[in-house]
Amino acid sequence: MIPSKTILTDDFGRKHNYLRISLLEKCNLRCTYCMPADGIILSPKASLMTADEIFSIARTFVENGVDKIRLTGGEPLLRKDFPEIASKLASLGVSLSITTNGILIDRHIDVLKQYGINKINLSLDTL
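Residue 69 is where the sequence shown starts when you use this note's numbering, and the numbers rise one by one after that.
It is possible that some hints are incorrect.
Each computed EDC-like pair below joins lysine to aspartate or glutamate, with the alpha-carbon atoms no more than 20 Å apart [stated by the list, open to error]:
| # | residue 1 | residue 2 |
| --- | --- | --- |
| 1 | 113 | 149 |
| 2 | 83 | 135 |
| 3 | 148 | 178 |
| 4 | 83 | 120 |
| 5 | 94 | 152 |
| 6 | 136 | 78 |
| 7 | 156 | 121 |
| 8 | 148 | 120 |
| 9 | 94 | 149 |
| 10 | 136 | 121 |
| 11 | 113 | 78 |
| 12 | 94 | 121 |
| 13 | 148 | 121 |
| 14 | 187 | 135 |
Since the hints were made in silico from the structure, they are not lab data.
With the hints as constraints, model all of the structure from the sequences given.
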């Protein structure tokens, strides 16, 4: 009998249940490994996914087996619509986490608590 294959099962039979969503490229630090001295060309704002587009894509992945979503960037807390994105993703009933440099975390701690984002990966570059 041949095992059934879903779209999130790779050629080695591993089932993937984890989605990483980069919310933007911008950051509020200039770490040398991701922001060279001469800078980088950032995508125009119009090229970024909207909160609704992020939710739609995430929902499709959740419907296909994803149960963990990590929000990253750049610095994801720089997104002005971060609370809206967190709210929409929390409605999917998945485990939410974030990777951040922590500089803006005090401004967003209530949002993180409200939407159950209690797994936080703090970048050591802020030290």
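Tested hints:
Distance hint between residue 113 and residue 149 is fulfilled; the C-alpha atoms sit about 13 Å from each other, no more than 20 Å. Note on residue 83 and residue 135: the hinted pairing holds, with a Cα-Cα distance of about 12 Å set against a maximum of 20 Å. Restraint check for residue 148 and residue 178: satisfied, since their Cα atoms lie roughly 15 Å apart, inside the 20 Å limit. Between residue 83 and residue 120 the alpha-carbon distance is near 26 Å, which puts this suggested pair outside the 20 Å criterion.
Between residue 94 and residue 152 the alpha-carbon distance is near 18 Å, which keeps this suggested pair within the 20 Å criterion. With a C-alpha separation of about 17 Å, the suggested pairing of residue 136 with residue 78 holds against the 20 Å cut-off. Only pairs whose Cα atoms come within 20 Å are accepted, and residue 156 paired with residue 121 is accepted, the gap being roughly 11 Å. A threshold of 20 Å between alpha carbons decides the hint, and for residue 148 with residue 120 the separation of about 14 Å falls inside it, so the pair holds.
Between residue 94 and residue 149 the alpha-carbon distance is near 14 Å, which keeps this suggested pair within the 20 Å criterion. With a CA separation close to 18 Å, the supplied pair residue 136 and residue 121 stays within the 20 Å bound. Straight-line distance between C-alpha atoms of residue 113 and residue 78 comes to about 33 Å, which puts the hinted pair past the 20 Å bound. Among the hinted pairs, residue 94 with residue 121 is consistent with the structure: their alpha-carbon atoms are about 19 Å apart, no more than 20 Å.
Taking the CA atoms of residue 148 and residue 121, the gap is about 15 Å. The hint holds against a cut of 20 Å. Between the alpha carbons of residue 187 and residue 135 the distance comes to roughly 14 Å, so the proposed pair stays at or under 20 Å and holds.
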